[in-house]
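*Asks:* Listed below, chain by chain, are the residues.
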Amino acid sequence: MVEKQKNTLALFYCQNAPESGEIERQALEKEYGRSIRLFPIPCSGRLEPVHLLKALEEFADAAYVITCPEGACRYFEGNQRAKKRVQMTRSIISEIGLEPERIGIKVGLKEAPKSLKELAGEIFEDISGLRPSPVRGCDQ
Amino acid sequence: MITAERKPIDEIREMIAPFKKVLALGCGSCVAECASGGEKETAMLASALRMAAKMDREDVQISEMTIDRQCVNEFVIQLDDVIDKYDAILSLGCGAGVQAVADMFPEVPVIPALNTEFMGETKGQGLWVESCLGCGDCMLYYFAGVCPLARCSKQLLNGPCGGSMNGKCEVNPEVPCAWQLIIDRLSGFGALDRLEMIYPPKDWSKKQGTGPRKIVREDQQR
Numbered sequence: 001m002v003e004k005q006k007n008t009l010a011l012f013y014c015q016n017a018p019e020s021g022e023i024e025r026q027a028l029e030k031e032y033g034r035s036i037r038l039f040p041i042p043c044s045g046r047l048e049p050v051h052l053l054k055a056l057e058e059f060a061d062a063a064y065v066i067t068c069p070e071g072a073c074r075y076f077e078g079n080q081r082a083k084k085r086v087q088m089t090r091s092i093i094s095e096i097g098l099e100p101e102r103i104g105i106k107v108g109l110k111e112a113p114k115s116l117k118e119l120a121g122e123i124f125e126d127i128s129g130l131r132p133s134p135v136r137g138c139d140q
Numbered sequence: 001m002i003t004a005e006r007k008p009i010d011e012i013r014e015m016i017a018p019f020k021k022v023l024a025l026g027c028g029s030c031v032a033e034c035a036s037g038g039e040k041e042t043a044m045l046a047s048a049l050r051m052a053a054k055m056d057r058e059d060v061q062i063s064e065m066t067i068d069r070q071c072v073n074e075f076v077i078q079l080d081d082v083i084d085k086y087d088a089i090l091s092l093g094c095g096a097g098v099q100a101v102a103d104m105f106p107e108v109p110v111i112p113a114l115n116t117e118f119m120g121e122t123k124g125q126g127l128w129v130e131s132c133l134g135c136g137d138c139m140l141y142y143f144a145g146v147c148p149l150a151r152c153s154k155q156l157l158n159g160p161c162g163g164s165m166n167g168k169c170e171v172n173p174e175v176p177c178a179w180q181l182i183i184d185r186l187s188g189f190g191a192l193d194r195l196e197m198i199y200p201p202k203d204w205s206k207k208q209g210t211g212p213r214k215i216v217r218e219d220q221q222r
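The listed protein sequences correspond, in order, to chains R and F.
So for the first sequence, our numbering puts the first residue at 1; every next one is plus one.
So for the second sequence, our numbering puts the first residue at 1; every next one is plus one.
These are calculated hints, taken from the structure and not from any lab test.
Warning: the hint list may mix true and false statements.
Below, computed lysine to aspartate or glutamate pairings styled on EDC-like, alpha-carbon distance capped at 20 Å [stated by the list, open to error]:
#	chain 1	residue 1	chain 2	residue 2
1	F	Lys54	R	Asp126
2	F	Lys7	R	Glu95
3	F	Lys85	F	Asp56
4	F	Lys54	R	Glu58
5	F	Lys54	R	Glu70
6	R	Lys114	R	Glu95
7	R	Lys114	R	Glu99
8	R	Lys117	R	Glu70
9	R	Lys110	R	Glu70
10	R	Lys54	F	Asp59
11	F	Lys7	F	Glu64
12	F	Lys21	F	Glu117
13	R	Lys84	F	Asp56
14	F	Lys207	F	Glu130
15	F	Lys154	F	Asp87
16	F	Lys40	R	Glu95
17	R	Lys54	F	Glu64
18	F	Lys123	F	Glu5
19	F	Lys21	R	Glu57
20	F	Lys202	F	Asp103
21	R	Lys54	F	Glu39
22	F	Lys123	F	Asp84
23	F	Lys168	F	Asp137
24	R	Lys114	R	Glu57
25	F	Lys54	R	Glu57
26	R	Lys54	F	Glu117
27	R	Lys84	R	Glu70
28	R	Lys84	F	Asp203
29	R	Lys6	R	Glu99
30	F	Lys20	R	Glu57
31	F	Lys40	R	Glu70
32	F	Lys21	F	Asp84
33	F	Lys40	R	Asp126
34	R	Lys84	R	Glu99
35	F	Lys40	R	Glu48
36	F	Lys7	F	Asp137
37	R	Lys54	F	Glu58
Stretch by stretch, here's where chain R covers chain F in the computed footprint (C-beta under 8 Å, at least three residues) [said to hold, decoys possible]:
#	stretch
38	52-60
39	127-133
Since we're looking at a predicted model, the values are computed, not measured.
Using N, Cα and C, we set each Cβ at its ideal position, and we do this for glycine too.
I would like the entire structure built from these sequences, with the hints used as guidance.
*Replies:* Structure, rendered in structure tokens:
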């Protein structure tokens, strides 16, 4: 059953985040259909602002990253770096007049880990108030 | 290395506004090291500018390219193959890079996307610090490898001023006192006697006042 969302989400996620394997990825794609584009990455520290910007430029209304839980990064500080890069990207899109909420990050808790599916649902909830991206609007 | 920071996007947009086809040109040397004008930063800026143009329904084409060094003609010449496609170049090089590109292509407007800051060193991840003024008469031997002109807030050649506290500058307590560093280092290798000399005021004519400086090396020429 494909759940139609108003906004298209580019979702980058750490492959070490809880319940974020191939089966979960396929299930998410099935659930959200064309509303979601998933980008598994070996560590959220690999994420660069340009990845988020390109997603917004080319197809997404919002671009988010899900990291592994705080204190559980297998590369020690990947999720810390991802946070800073998300902040940097937010400041860039603010400069051009886009809402900073179009870029975001979800960092799970080690004590209460959430699955990819749960976090994706929360993100769709978070971005539900956003209008379709004015960048994409011009393509349509 | 030469450090720089990106200009505000609004300022850049204003400068490129008259042009329809713009090449954002990165530089893979100093400004890549200080994360302001390398390949990544060029891609980020070009993407942001394209999005801004789309939002304002402007018919602009912004492409991107990065060459190894904008300040060396042998690299700039790579633009020969593509330059005809563009109305303007948005350079993410330092001031020297912008001018080298402009010199080679006098018919094309070259717009600076960065503010060039200083000659410095990478002190840590995301931290660059000024360390050389390019005075043309290096005195680092006498000062144990610490330049009082670049690193002492008062630019004292005959320091210390006596105002530092716990090794920090009284002008800016975040800055290590250059003279504390000089004395510590000279003491470390038993050369404090170098400070018995009185250093006369700097001869700034070697830095400026006679137009742009140049270095001519016949052994390097054809």
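*Asks:* Confirm or reject each hint.
*Replies:* Quick rundown of the hints versus the structure:
no., hint, result
1, Lys54/F x Asp126/R, "25 Å, violated"
2, Lys7/F x Glu95/R, "11 Å, holds"
3, Lys85/F x Asp56/F, "23 Å, violated"
4, Lys54/F x Glu58/R, "11 Å, holds"
5, Lys54/F x Glu70/R, "37 Å, violated"
6, Lys114/R x Glu95/R, "33 Å, violated"
7, Lys114/R x Glu99/R, "27 Å, violated"
8, Lys117/R x Glu70/R, "18 Å, holds"
9, Lys110/R x Glu70/R, "6 Å, holds"
10, Lys54/R x Asp59/F, "19 Å, holds"
11, Lys7/F x Glu64/F, "17 Å, holds"
12, Lys21/F x Glu117/F, "28 Å, violated"
13, Lys84/R x Asp56/F, "29 Å, violated"
14, Lys207/F x Glu130/F, "17 Å, holds"
15, Lys154/F x Asp87/F, "46 Å, violated"
16, Lys40/F x Glu95/R, "18 Å, holds"
17, Lys54/R x Glu64/F, "13 Å, holds"
18, Lys123/F x Glu5/F, "16 Å, holds"
19, Lys21/F x Glu57/R, "18 Å, holds"
20, Lys202/F x Asp103/F, "33 Å, violated"
21, Lys54/R x Glu39/F, "14 Å, holds"
22, Lys123/F x Asp84/F, "41 Å, violated"
23, Lys168/F x Asp137/F, "27 Å, violated"
24, Lys114/R x Glu57/R, "29 Å, violated"
25, Lys54/F x Glu57/R, "9 Å, holds"
26, Lys54/R x Glu117/F, "29 Å, violated"
27, Lys84/R x Glu70/R, "14 Å, holds"
28, Lys84/R x Asp203/F, "45 Å, violated"
29, Lys6/R x Glu99/R, "16 Å, holds"
30, Lys20/F x Glu57/R, "19 Å, holds"
31, Lys40/F x Glu70/R, "27 Å, violated"
32, Lys21/F x Asp84/F, "10 Å, holds"
33, Lys40/F x Asp126/R, "29 Å, violated"
34, Lys84/R x Glu99/R, "18 Å, holds"
35, Lys40/F x Glu48/R, "8 Å, holds"
36, Lys7/F x Asp137/F, "32 Å, violated"
37, Lys54/R x Glu58/F, "19 Å, holds"
38, 52-60, "holds (count 4)"
39, 127-133, "violated (count 0)"
Going through the hint list in order, the structure does not satisfy hints 1, 3, 5, 6, 7, 12, 13, 15, 20, 22, 23, 24, 26, 28, 31, 33, 36, 39.
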